[in-house]
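Novice: One letter stands for each residue in the lines below.
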Amino acid sequence: MLCARMWSVVHFAALAAASTLTFSVPPHIPALPSSATAVITGNGTSISAPVTRQNSFIFTLPLAAPADTSTFPSSTSKPTEYLLTIYCRDYDFPPYAIKATPASYTIYRSTRAGLDAGFPHTVVDTSTDTTVSLTVLKVREYYDARVGFSPLSLLKNPMVLIGVVGLAFVMGMPYLLDNMDPETKAEFEAQQKKGILGNAGAGGNPLGDFDMAGWMAGTSKSKSSGNDGGGGGARKRG
Amino acid sequence: MRLCALSILSSLVLFCLELSSAIYADEAYQIDYQHALLGVPQFYTTFFHRPSANSKASLLYTLSESGIVGAKNPKDGTILWRQRIGEEGQTYAGKGFLKAGENSNVIYSALGGKLDAWDAVDGRLAWSWQGEETVRALEIRGQGSNDALIVTEGRNEKVSVRCFSSDTGRLRWEYTDASGDAPYSLIAYESRLFYVALHSALLKGSKIRIHKLDAETGEQTGSPFTFNSESEVSSATSILFAGAIGGHPSIAWADKTLKYVKVASLLKKQTSTLGALTNGEPIETISMHPADRNSAKPHFLLKLTGTSSSHAKVYHLDANTGTAKKEYDLPPISGPVAYSTSTHDENVYFVQHSSSDVSLLSSISPTVLQGWKIPPKAGAQTTDLRSVSHAVAEVVSRGGTKFSVRSALTLESGDLEVIRNGESLWVTSEGLTGVVAAAFVDLTKDDDRAQDLALEGQSNFVSAYIHRLTRHMKELQNLFVWMMDRYDGVKSGEASLNQNANLLQDRFGFNKVVIIATRSGRLAAVSTGMHGKVIWNIQAVTLEPGINWDVMSIDAEDDTALIRAAQGEFLRVESATGKILHHQGAGLLSGLKTTIPVLDAQGRQALLPTNLDGSLGDIPLTSFEDGTIVVTKDDDGTIKGWNVAGKGKVTQAWRFTPFPGQSIYDVNHRPTHDPVTSIGKVLGDRNVLYKYLNPNLILMTCTNTHDSSVTFYLLDSTSGAILHSIKHPDVDLRQPISSTISGNSFAYSLFSRLLSHEPLQLEPQKLQGYQLVVSEIFESPFPNDRGPLNSATNYSSRQPFIADDEKAVRPPHVISQTFFIPGPISRMSTTSTLQGITTRSLLCIAPHTNSLVAFPGQMLDPRRPVGRDPTPAEMEEGLFRYNAVLDFDGKWTLNHKRETLGLSHVIAAPSQLESTTLVFAYGDADLFGTRSSPIGGFDILGKGFSKLQLVGTVAALAVGTMVLAPLVRKKQIDSIWKA
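If you read the protein sequences in the order shown, they are chains G and X.
Residues 1 to 238 in full-length UniProt numbering are what the first sequence spells out, letter by letter.
Residues 1 to 979 in full-length UniProt numbering are what the second sequence spells out, letter by letter.
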């Protein structure tokens with residue numbers, strides 16, 4: 001009986017010392033689905049808290065000590081470290097880590113493995129109820145969008161663009177040349193001749209005055225008369 | 001140029017990643033199916049309730065035998081929310097409490113030492129209380145306060161009554177009773193509270209003792225009073241009811257022989273004896289159905305079930321005197337029948353459900369107010385799919401003598417059905433919770449055509465010709481149907497996948513049957529082609545309460561499935577109909593532990609008996625191929641390999657004993673269907689790394705609780721040689737450890753602490769988290785090298801190690817990479833395709849995210865370059881830079897937004913298409929199936945293939961040609977003239 005009373009005294013002492021640690025979801029986030037859970041893992045324990053009506057996760061401090069240390073020896077280093085993960089269907093949350101000492105809890109953004117990721121820390125006094133605000137990374141995406149057929153996307157393709165521009169040049173160039181006024185045309189011709197000669201002189205055209213197109217067509221004359229022959233013919237037609 | 005090549009390569013890599021098994025929004029819910037289940041509803045914890053004071057429609061709430069609380073929409077049976085309050089894999093029949101106050105938006109559930117208040121609309125937690133005691137009763141304080149009242153029993157028989165405020169869960173008061181009485185119930189009445197306990201009488205039996213408390217302060221008002229029930233009540237099971245009958249607090253109990261029932265009014269302290277219950281035949285069970293609302297009249301119904309029929313009697317309790325008297329009798333009904341009560345203002349209605357009809361009765365007269373016939377169920381082959389076990393009903397008066405009745409029936413199979421005015425709205429297979437084994441079974445092929453052709457080939461010319469003519473005529477008749485089918489397929493855009501919704505194999509091999517066995521002894525078949533429809537569902541074995549069916553495996557054999565259970569029990573059922581062909585009960589042979597199916601020399605399955613002492617029993621009259629080794633696990637923690645080659649001789653080939661302190665946690669072997677297309681891996685520089693392909697690989701997980709370490713051993717099952725081992729220190733052994741092996745790769749997951757030594761830091765970094773380790777096994781670390789096998793002229797499985805020229809033994813080369821993942825993986829498996837060409841995905845059950853994740857193979861290649869960008873050659877292989885953090889990407893989640901609960905196993909089977917794997921996951925609650933294409937559906941036209949676009953393009957090309965042809969011709973003629 002005495003033993004029982006002792007036990008109940010201890011129990012009530014523990015109850016009195018219990019304070020809560022609340023992780024709240026930012027107010028702009030709508031109600032999380034009821035399956036959302038926050039789990040504190042580490043040091044041989046795993047404590048989970050379902051989402052509350054206030055869109056928060058409530059843990060009672062102190063975080064439970066491992067009942068049987070043989071399965072996972074408590075960390076010899078002080079303070080004890082825990083991971084806090086929020087599992088939610090609709091949103092992604094960053095991982096957090098908690099460094100716990102008997103007097104205080106330090107909560108910080110971490111990498112997945114519990115390393116400090118350098119974001120602001122929150123220090124929580126274990127004797128009072130505290131609320132820590134969580135960050136939401138992004139909305140969780142589940143589906144791949146199927147790329148449907150649209151003419152616009154076809155035009156965005158660089159290969160198609162090159163083709164279209166090339167076609168426009170091929171089709172449009174003769175008309176452009178035809179519609180030039182005679183003076184400009186003459187000037188252009190002179191420029192072209194000079195340019196070609198200049199290029200040939202500078203070694204810009206490796207083929208020199210070899211009629212490549214004619215040779216490929218198999219109609220080249222024994223005496224290659226150069227580019228101006230064919231070109232001139234074309235111009236004469238206009 | 002180089003830059004360009006790089007960008008093309010990287011885009012190729014991106015393309016590959018894009019290919020990885022992502023789900024398109026239009027495919028979600030189309031290719032996958034789910035039986036979202038709550039478990040078998042319990043009678044006292046199932047009810048209709050309006051989720052908030054201003055809501056018109058009510059929802060169906062239940063706390064099931066699986067320990068899951070949930071709300072269902074009674075219109076279509078969809079689960080609005082559910083929360084697991086019990087442990088996974090446990091049965092909570094007869095345990096737990098679920099209550100909701102009138103006009104309250106909070107649902108209270110209590111199980112074990114936990115009291116939870118859930119939002120009735122969305123299932124989020126309002127507040128929770130956890131004690132070290134066990135909750136024995138739950139009651140709601142009425143009068144508009146809706147506070148939760150619980151009775152808990154702790155150690156040393158300390159009983160406490162606690163009151164929690166409904167909105168915050170603050171403890172209002174606590175009353176302690178240290179008298180040693182067994183707590184039974186709590187009954188709230190106006191501002192008073194009756195705490196009912198069973199007080200052991202001197203000689204035998206129990207007296208019912210009532211403590212009166214003030215509901216506001218928790219203080220005792222007056223001394224406790226007792227009812228002298230010791231001659232009838234021997235245990236709590238004798239009490240039929242303790243609560244308010246139409247707002248009148250009462251207790252009813254039956255005597256041991258079920259001859260009479262006593263009803264006691266707590267307000268008047270008056271006891272009435274209700275006798276003359278029997279209807280000629282002895283009564284087996286009595287159940288009581290009282291008016292459940294405080295506003296209703298204190299009327300109740302006693303259901304008296306005999307051996308062959310059941311009848312009911314309706315009683316009225318006089319609120320002024322506290323005495324009960326019989327109002328009328330209901331005629332006996334043979335077969336199962338269930339009654340439920342519904343109240344409307346002060347009127348009390350009883351609804352009688354039998355398997356053929358529903359009758360609505362008023363509590364004041366035996367005339368049936370309205371009755372409905374239930375049409376016979378199409379899919380119910382067995383009676384337990386039709387007969388009602390218990391029911392809850394909701395009666396709505398439509399003015400005058402018109403009524404509408406909606407009832408939620410729990411069938412004897414455990415399934416839940418909602419009917420409205422006799423018309424079935426929906427049925428969910430709640431009886432199929434707690435699945436312990438499942439297997440894919442191929443359906444019979446539609447081989448009529450082949451038979452016809454064979455017949456024509458064998459018979460003489462004339463008859464063959466006539467046969468052929470009639471066949472063609474028949475086909476012509478079916479042409480129209482076939483064409484309509486095709487048209488529908490074209491219209492829907494999908495290549496007519498689920499068109500032939502019959503039980504025949506389809507062209508793509510998507511139509512299979514999954515046979516499942518539950519721990520409650522049920523067998524069922526789920527069709528993968530018909531969106532997970534349950535084809536048949538039978539109670540295969542009848543088990544004692546609290547005993548689980550220990551099913552070892554389910555194997556398909558032609559058109560039958562062989563179900564093996566512990567102690568030599570086996571069942572053979574027809575896979576298409578569920579007809580039991582053969583059943584051999586458990587324990588027929590003494591000392592038999594189980595049987596192992598082994599393929600004999602003729603390719604047939606033989607069952608090898610395993611004895612309790614771990615040895616293999618006598619081999620049946622079959623012979624096995626040389627080199628057949630059977631591996632068994634003993635109770636003392638050793639693994640033994642047995643050589644069963646030859647006839648009748650069993651010799652122990654090898655034995656594996658783990659180190660002292662280690663115990664075997666899990667054993668995995670390569671899947672039976674595990675084809676490997678290429679013996680090597682072609683590198684970017686066209687060299688080849690040869691895979692270590694040993695069909696006899698076993699991956700063993702050994703845990704050590706002394707130093708909390710886990711060791712993985714890779715064993716050769718023929719020789720027993722250890723090919724590879726890895727030890728992980730500082731592992732949390734209470735977290736799930738899962739592993740799988742397939743082809744030349746294996747993977748495992750665990751939670752551990754480790755130290756990381758970064759190059760530029762003096763102090764090692766302390767890391768902890770869930771890890772996924774993937775490994776690949778090669779013959780040699782060097783490309784184009786086959787290790788010692790290279791020079792070997794022959795090879796023996798018994799000696800997997802071959803000493804090379806320098807007499808050095810070279811074990812296979814293992815490359816591993818570790819990833820940090822966000823949560824535990826409770827079970828893993830790999831996808832399985834017909835030829836094994838498709839890169840395998842790793843299928844993982846992630847219990848915290850309620851999902852089934854398929855990690856693409858490219859992500860888990862252990863050869864991903866670490867700490868540097870990949871070289872162009874590596875890019876060509878599809879390797880990209882290693883990142884230690886691996887997320888459960890939503891796009892890899894096979895169940896996408898649809899949440900699953902309680903999955904614990906996942907199986908995969910190939911379809912006829914190389915790209916696609918059939919996946920089925922099962923466990924304590926849900927059943928989920930889907931088709932997965934690990935690298936995209938490259939051999940099937942998906943919904944993204946637009947037939948309209950194809951036709952449009954062809955038409956546009958034709959028009960373009962027609963328009964351009966005259967122009968071109970004109971130009972050609974012009975050029976000829978000009979030349």
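Check each hint, because a few of them may be wrong.
Said to hold, decoys possible - Once the Cα atoms are required to be at most 25 angstroms apart in a straight line, the calculated PhoX-like pairs of lysine-lysine come out as:
1) X:K269 <-> G:K156
2) G:K138 <-> X:K943
3) G:K99 <-> X:K766
4) G:K185 <-> X:K269
5) X:K269 <-> X:K259
6) X:K326 <-> X:K303
7) G:K156 <-> X:K943
8) X:K259 <-> G:K138
Everything labelled a hint here was simulated from the structure, so no lab data went into it.
Novice: All hints are to be evaluated individually against the structure, with a verdict given for each.
Specialist: Hints, one by one, checked against the model:
1. Of the supplied pair hints, the one linking K269 of chain X and K156 of chain G is violated, its CA atoms being roughly 88 angstroms apart against a limit of 25 angstroms.
2. Note on K138 of chain G and K943 of chain X: the hinted pairing is violated, with a Cα-Cα distance of about 28 angstroms set against a maximum of 25 angstroms.
3. Proposed proximity of K99 of chain G and K766 of chain X is supported: the alpha carbons are some 12 angstroms apart, at most 25 angstroms.
4. Distance check on the hinted pair: K185 of chain G and K269 of chain X sit about 122 angstroms apart at the alpha-carbon level, beyond 25 angstroms; violated.
5. Under the criterion of a C-alpha separation no larger than 25 angstroms, the hint pairing K269 of chain X with K259 of chain X is consistent with the structure, at around 23 angstroms.
6. Note on K326 of chain X and K303 of chain X: the hinted pairing holds, with a Cα-Cα distance of about 13 angstroms set against a maximum of 25 angstroms.
7. Restraint check for K156 of chain G and K943 of chain X: satisfied, since their Cα atoms lie roughly 24 angstroms apart, inside the 25 angstroms limit.
8. Restraint check for K259 of chain X and K138 of chain G: the C-alpha separation of about 67 angstroms exceeds 25 angstroms, so the hint is violated.
The structure fails to meet hints 1, 2, 4 and 8 from the earlier list, while all remaining hints are met.
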